[in-house]
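As given, the protein sequences belong to chains U and X, one line each in that order. If you're matching positions, the first sequence starts at 1 in our numbering and goes up one per residue. If you're matching positions, the second sequence starts at 69 in our numbering and goes up one per residue.
Derived by calculation from the structure, the hints in this document are not laboratory data. Bear in mind that the values here come from a model prediction, so they are computed numbers and not experimental data. Among the hints, erroneous ones may be present.
Derived list of chain X stretches under chain U, where covered just means 3 residues or more per stretch with a C-beta under 8 Å from a C-beta of chain U [as the list claims (entries may be wrong)]:
1. 77–84
2. 91–101
Pulled from the structure, derived: some chain U residues nowhere near chain X, Cβ distances all over 10 Å [as the list claims (entries may be wrong)]:
3. E54
4. T58
5. E61
6. T62
Partial selection, computed: residues in chain U whose CB lies under 8 Å from chain X [stated by the list, open to error]:
7. T21
8. F31
9. G37
All C-beta atoms, glycine included, are put in the ideal place defined by N, C-alpha and C.
So you can see what is in the structure, the chains are spelled out below.
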Amino acid sequence: MLHELGVEPELLQPAGDPAATIERIATEGQFDVVVVGSRGLGLLGRVLQGSVSEHVATRAETTVIVAR
Amino acid sequence: MAYDGGTPARKALETAAELAKKFDASVAVVSVVPVHPGRAPIDPWDDP
Numbered sequence: 001m002l003h004e005l006g007v008e009p010e011l012l013q014p015a016g017d018p019a020a021t022i023e024r025i026a027t028e029g030q031f032d033v034v035v036v037g038s039r040g041l042g043l044l045g046r047v048l049q050g051s052v053s054e055h056v057a058t059r060a061e062t063t064v065i066v067a068r
Numbered sequence: 069m070a071y072d073g074g075t076p077a078r079k080a081l082e083t084a085a086e087l088a089k090k091f092d093a094s095v096a097v098v099s100v101v102p103v104h105p106g107r108a109p110i111d112p113w114d115d116p
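Next comes chain U alone, as it looks inside the complex:
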């Protein structure tokens, strides 16, 4: 999809806890914006499963866009 729009992405595939890893990469990579998706979990879902997007949005030291 990105190629179709003329955007050449850099691909990173680190291992680890998804939320903490995305937060760390966002900080270390000095990115201007981080875009994450949201599964639309309710309160109970977020408590039981955790929310990567919520973690990143509240802890990353950069602008975070949560796409729904």
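Using the hints provided, position chain X relative to the given structure of chain U.
Just chain X now, with coordinates in the frame of chain U:
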């Protein structure tokens, strides 16, 4: 942008692509391989 292959991630990918085009920005796609203590890493792209 963070990507795990799911529907929300595809929406995030579209959003990132639109922003990149509008602002002539670069995009880095981060796909984290979940690591759980005591278990081998599972590539999210592997079949279950």
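Hint check results:
no.: 1; hint: 77–84; in the structure: holds (count 8)
no.: 2; hint: 91–101; in the structure: holds (count 9)
no.: 3; hint: E54; in the structure: 13 Å, holds
no.: 4; hint: T58; in the structure: 15 Å, holds
no.: 5; hint: E61; in the structure: 16 Å, holds
no.: 6; hint: T62; in the structure: 12 Å, holds
no.: 7; hint: T21; in the structure: 5 Å, holds
no.: 8; hint: F31; in the structure: 7 Å, holds
no.: 9; hint: G37; in the structure: 3 Å, holds
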